[in-house]
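Mapping of the sequence shown onto my numbering: position 434 corresponds to residue 434, and the numbering continues sequentially without gaps.
Do not rely on the hints blindly, as some may be mistaken.
[Stated by the list, open to error] List of simulated lysine to aspartate or glutamate pairs, EDC-like, C-alpha gap at most 20 Å: (1) 207 x 308; (2) 441 x 427; (3) 207 x 247; (4) 207 x 507; (5) 69 x 41; (6) 545 x 76; (7) 19 x 38; (8) 69 x 109; (9) 69 x 196; (10) 69 x 38; (11) 207 x 318; (12) 456 x 486.
Worth flagging that the hints you see were computed from the coordinates, not collected in a lab.
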Amino acid sequence: MLISSNVADERLTTAHRAKLAYVYVRQSSVNQVRQHQESTELQYRLVDRAIGLGWPAERVQVIDEDLGKSGAGGVDRHGFQKLIAEIGLGNAGLVVSLDASRLARNNRDWHQLLELCSVFGVVIADGERLYDPRAYHDRLLLGLSGIMSEAELDQLRMRLHQGERQKAARGELRLPLPGGLAYDRAGTIILNPDEEVQARLHLVFAKFRELQSACRVMRYLDRNGLSLPVRPLLGPSPHEVVWRAPDSARVLSILQNPAYAGAYVYGRRQKDPSRCQPGSLTGTVKVAIADWAVCLHAAHPGYISWKEFMANQGRLADNVCRYEAGHSGVPRKGAALLQGIAVCGRCGRRMSMRYTGPHADYPVYCCRSDRDQQGSAMCQEVRALAVDALVERIVLDALVPDQIEIALAAAGQLEQKSRQLERRIVELNAEHKMDGEIAAKLNQEGFVAARGCAFKGENVWLLRTRWGIPTVKINGVDKNPMRWPDGSFSIQGAAAQLGVTPQTVFDYLARGLLVGRQLSKGQPWQIELSDDQIRQIRNRVRRTKRSKKEAS
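Generate the whole structure from the sequences, applying the supplied hints.
Given below as structure tokens:
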């Protein structure tokens, strides 16, 4: 309640009235400014309060630069800083605000204001009474007002957080969704109805299963000109899905988002004041999966299972090249013996590789962490061939003659097994088996790949390439034509005829809208398309695009 009084107060003197009166106006957020206009008007009417206390209207200044800014600290409040500066310059005789919570919601700013007002003899007024910060009882009341203002804000935050947490525990708190998910009219989480969005996300997860690296997935997408669907959370609502160029951060955000595994999660991040950025109240850090406040499995449809999501997180964590943490890093190709395991003798960090020479075929071990992270000189680099030769000699010197014989015998056995392996591959390849099928057959017969691992399709492909075994695809290594000799269409040809993307053609095949065949799994598709089918599907695509355009 605003009480204006013209009764003279002994706290106000002629010296006070010889200076300016400042009316400080603040609302915590833009929504409060928009929705609580009566409160804002009430603060502006404090000008009448200053006039009633003896200040001419032209000597009353309103400071309202902080409308829409929180008073909790950590935010640049230019209006409050201006007020502090005017008090420090001795220009202020009176400061008027609706209550202590308008001036500050934290004790640091509040007591700074009180101290300056006490030093320069400035009187503080609210809607009811005057306070002289130099007087003991008035300063006591002002100090309590600041403490209650800060405590009130903490209580409000605590109640809001508890309510939000309880609602999230039931899975009822409406959370922002990534681009691959959406809310239907009933508020239920569903897969994004856009088939192209679904196909692109399925492709990302499939490629990560194959390539085992987010960077490799990003490079694959970039090489093929494939964008990623994202839903920006900034800007006016509703937030529509937009297509952005692939980068590592966007691929990681997809792979690390539990919502794509059908999980409802609350508490993936927590506040950390040490990470506070300019212009924000506090910073945030990621929370370990085991410490998430709420994690409800199978809460809605997803693109992958929870088991695969957890396996992906383990793979991503292991891809980080931190030798001291026991992470192996992403497997890489190269000619050096110690690639990926060489450690710098000076600083103890993992060394990377580079290649020199006219044909870029001379490996060099490099320790460049200082240069990459701090911009300083490279720690050291060593030519790999000399180091590798020394390591080989040390290993051989450590072997006694009988162990050398054992090693040679083992090498002979390995060579025999290699020849035998080159022979379930040549034969299986001649039977028109694809690389994945050959790998399964090799595993069934007891063959083991490098490091004791089971064979995969990429292992077979690598061996075929090394031994010069040709592919069994009907088109060899050439690109698929738009149309096969028998009149059927390839994936690319069908996409061109129908006016859709190749990924949409795969989706149509999976849903039975198109009929196609493969000589065997992994072989190119041969799709049968009649003129009627082409006309019907083109009309369907046009209707879909028109409905999306009208909806937007």
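ask   = Are there hints from earlier that the structure breaks, and if so, what are their numbers?
value = Hints 6, 7, 9 and 12 contradicted; others consistent.
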